[in-house]
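Participant: Here is what each chain is made of, one letter per residue.
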Amino acid sequence: MSLWEYANPVKFMALSGRILPFATVLSAALLLTGLIWGFFFTADDFKQGSTVKIIFLHVPAALMAINIWLMMLVASLVWLVRRHHVSALAARAAAPIGITMTLIALFTGAIWGKPMWGTYWAWDPRLTSFMILFVFYLGYLALWQAVEDDDTAADLTSILCMVGSVFALLSRYAVNLWNQGLHQGATLTATKESPIDGSYYYPLLVCIVGFITLFVTLVLLRTRMHIRLRRSRAVLAREASR
Amino acid sequence: MLALCRRDILLAVRSGGGFGLALAFFLILVMFVPFGVGPDRAVLARIAPGILWIGALLACLLSLDRVFQLDAEDGTLEALATSPIPLTGLVSAKAAAHWITTGLPLTLASAPLGYLLGLPAEGYIWLVTSLAVGTVSLSFIGTFGAAITVGIKRGGLLLSLLVLPLYIPTLILGAQVVTRAVSGQNPVASLALLGGLTLLTLALIPIAAAMALRANLR
Amino acid sequence: MIPDLGKYASDVLSAYAIALLLLGGLVVISLRQSAKARKILEDAERKTRK
Numbered sequence: 001m002s003l004w005e006y007a008n009p010v011k012f013m014a015l016s017g018r019i020l021p022f023a024t025v026l027s028a029a030l031l032l033t034g035l036i037w038g039f040f041f042t043a044d045d046f047k048q049g050s051t052v053k054i055i056f057l058h059v060p061a062a063l064m065a066i067n068i069w070l071m072m073l074v075a076s077l078v079w080l081v082r083r084h085h086v087s088a089l090a091a092r093a094a095a096p097i098g099i100t101m102t103l104i105a106l107f108t109g110a111i112w113g114k115p116m117w118g119t120y121w122a123w124d125p126r127l128t129s130f131m132i133l134f135v136f137y138l139g140y141l142a143l144w145q146a147v148e149d150d151d152t153a154a155d156l157t158s159i160l161c162m163v164g165s166v167f168a169l170l171s172r173y174a175v176n177l178w179n180q181g182l183h184q185g186a187t188l189t190a191t192k193e194s195p196i197d198g199s200y201y202y203p204l205l206v207c208i209v210g211f212i213t214l215f216v217t218l219v220l221l222r223t224r225m226h227i228r229l230r231r232s233r234a235v236l237a238r239e240a241s242r
Numbered sequence: 243m244l245a246l247c248r249r250d251i252l253l254a255v256r257s258g259g260g261f262g263l264a265l266a267f268f269l270i271l272v273m274f275v276p277f278g279v280g281p282d283r284a285v286l287a288r289i290a291p292g293i294l295w296i297g298a299l300l301a302c303l304l305s306l307d308r309v310f311q312l313d314a315e316d317g318t319l320e321a322l323a324t325s326p327i328p329l330t331g332l333v334s335a336k337a338a339a340h341w342i343t344t345g346l347p348l349t350l351a352s353a354p355l356g357y358l359l360g361l362p363a364e365g366y367i368w369l370v371t372s373l374a375v376g377t378v379s380l381s382f383i384g385t386f387g388a389a390i391t392v393g394i395k396r397g398g399l400l401l402s403l404l405v406l407p408l409y410i411p412t413l414i415l416g417a418q419v420v421t422r423a424v425s426g427q428n429p430v431a432s433l434a435l436l437g438g439l440t441l442l443t444l445a446l447i448p449i450a451a452a453m454a455l456r457a458n459l460r
Numbered sequence: 461m462i463p464d465l466g467k468y469a470s471d472v473l474s475a476y477a478i479a480l481l482l483l484g485g486l487v488v489i490s491l492r493q494s495a496k497a498r499k500i501l502e503d504a505e506r507k508t509r510k
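Chains as they are written, first to last, in the numbering used here: chain A, 1 to 242; chain B, 243 to 460; chain C, 461 to 510.
Bound conformation, chain A alone (with noise of 0.2 Å):
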């Protein structure tokens, strides 16, 4: 059986019907272990005090901002190829998802960033990227919003996330070359050995994984949402019509 079976928006409301509940007690399982593990079981660092444990927020909250872009990314371009519903829909429903995901990395981040580099807004790249990233979100969203029909609505934002991408990623080289930065590179690489203590890495992890779950949790339920009032609206225009 291939994937393409699920973008049937019968089967989808199946499967997703039957994931969600466990998505639902992952997720809030992941998170509630990882939060209080991170909160109240990791040591101070000997030089950002009790802040550093406002990683375990920050990190996986911008990690999921940038990589939500990403899905919408890849949802859109199956909409624009393949033409499933089930898949612009996915997009609209992670949509406000990422911005606040971007949202909470700015906060936390402003939070963090007064007591460590003294202030809680910087013009540094990786900020500014951030506020970059927040606006294309925003565009995104109000294009959803302002477009009647379902399916124009869906073209046309599917072509401005793509154009976007490319315009964003565009917009965190250009913004490298106008400012160097207070914030630190990528902590986290999937190649070299963790730079960071293990009694901060492990609780992270759960962390991450636990916002991913959440994410998938929140997005499988607003794509039921979003299929269901696409349908209701159909059989409305059905009814109007006989």
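What the hints contain is simulated information worked out from the structure, not anything from laboratory work.
All of these numbers come straight from a predicted model, not from anything done at the bench.
Heads up, the beta-carbon is just placed ideally off N, CA and C, and yes, glycines get one too.
Certain hints may be false.
[What the hints assert, rightly or not] Covered by chain C, per the in silico footprint, the following chain A stretches (three or more residues, Cβ under 8 Å):
1. 45-58
2. 93-100
3. 108-116
[What the hints assert, rightly or not] A few chain A residues facing chain B, derived, Cβ under 10 Å:
4. M13
5. L30
6. T33
7. Y140
8. A142
9. V147
10. E148
11. D149
12. A154
13. L156
14. S158
15. M162
16. G164
17. S171
18. V175
Position chains B and C against the provided structure of chain A, taking the given hints into account.
Facilitator: Below, chains B and C alone, put in the same frame as chain A:
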């Protein structure tokens, strides 16, 4: 395509729309800066490159909603879309017409306005060059935004929200060319990047804009 | 109950408060919207069946 471009330019000039309006807006914006930050020449000279670039960018935005709106309202756009001209060509012609009626006059006006803000002498040539190169990409990106919002009533505000984030790389590189020239650094590298960006938009944006138009006309 | 956060207590607590508030808000809004969507669909289907 050339005929279409010429028609659009004539329409813009005769209706007195974007042509004078964008220039007036640019002038007023530049005039407002000393009101806001005070008439100190040193401060003005320091911020002049950024102000001129931001002013040109915002002035460019003003006339964007007209790129397709009038043609969409009277059905010309549908007629054009069914004509043998490919949609990418249609979009490029529209964008070119927008640049000639907005980007080009703004570029020419930037030098005297730069003088008003006390831009140092070595900046002028780079200001005009960077705007000449950069406004092309502004017009094309703007045409893409106009193609997206063509079916939306009162889409002007949404158009700005969609287009402005896409302007970020152009603004950064364009303003950097002038800033570097004024502060005695070599601006050629920034100008080359800006040129590359413009070529990229010239290549990619018509395709995306044509897709958006097709979605809107369906 | 709450571990000793030292002089950065307000920073850490406010970061957690804001983040959890935003996440909680997102979850609540999503749940309410999907409950509403379910209701709209049921209404629509009931109307057509009549």
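Participant: With reference to the structure, classify each hint as holding or not holding.
Facilitator: Right, here's what the structure says about each hint:
1. 45-58: holds (count 7)
2. 93-100: Held - the region 93-100 of chain A has 3 residues with a Cβ nearer than 8 Å to chain C, which meets the minimum of three.
3. 108-116: Result for this restraint: holds, n = 5.
4. M13: 26 Å, violated
5. L30: Where the cut-off is 10 Å and the nearest Cβ of chain B is about 33 Å from L30 of chain A, the hint is violated.
6. T33: Violated. Min distance 37 Å.
7. Y140: 9 Å, holds
8. A142: 6 Å, holds
9. V147: 6 Å, holds
10. E148: 9 Å, holds
11. D149: 8 Å, holds
12. A154: 9 Å, holds
13. L156: With a closest approach of 5 Å, the L156 of chain A hint holds.
14. S158: Nearest chain B Cβ about 9 Å off; hint holds.
15. M162: Check passed: Cβ of M162 of chain A comes within 7 Å of chain B, closer than 10 Å.
16. G164: Result: holds, 7 Å to nearest chain B Cβ.
17. S171: 5 Å, holds
18. V175: 7 Å, holds
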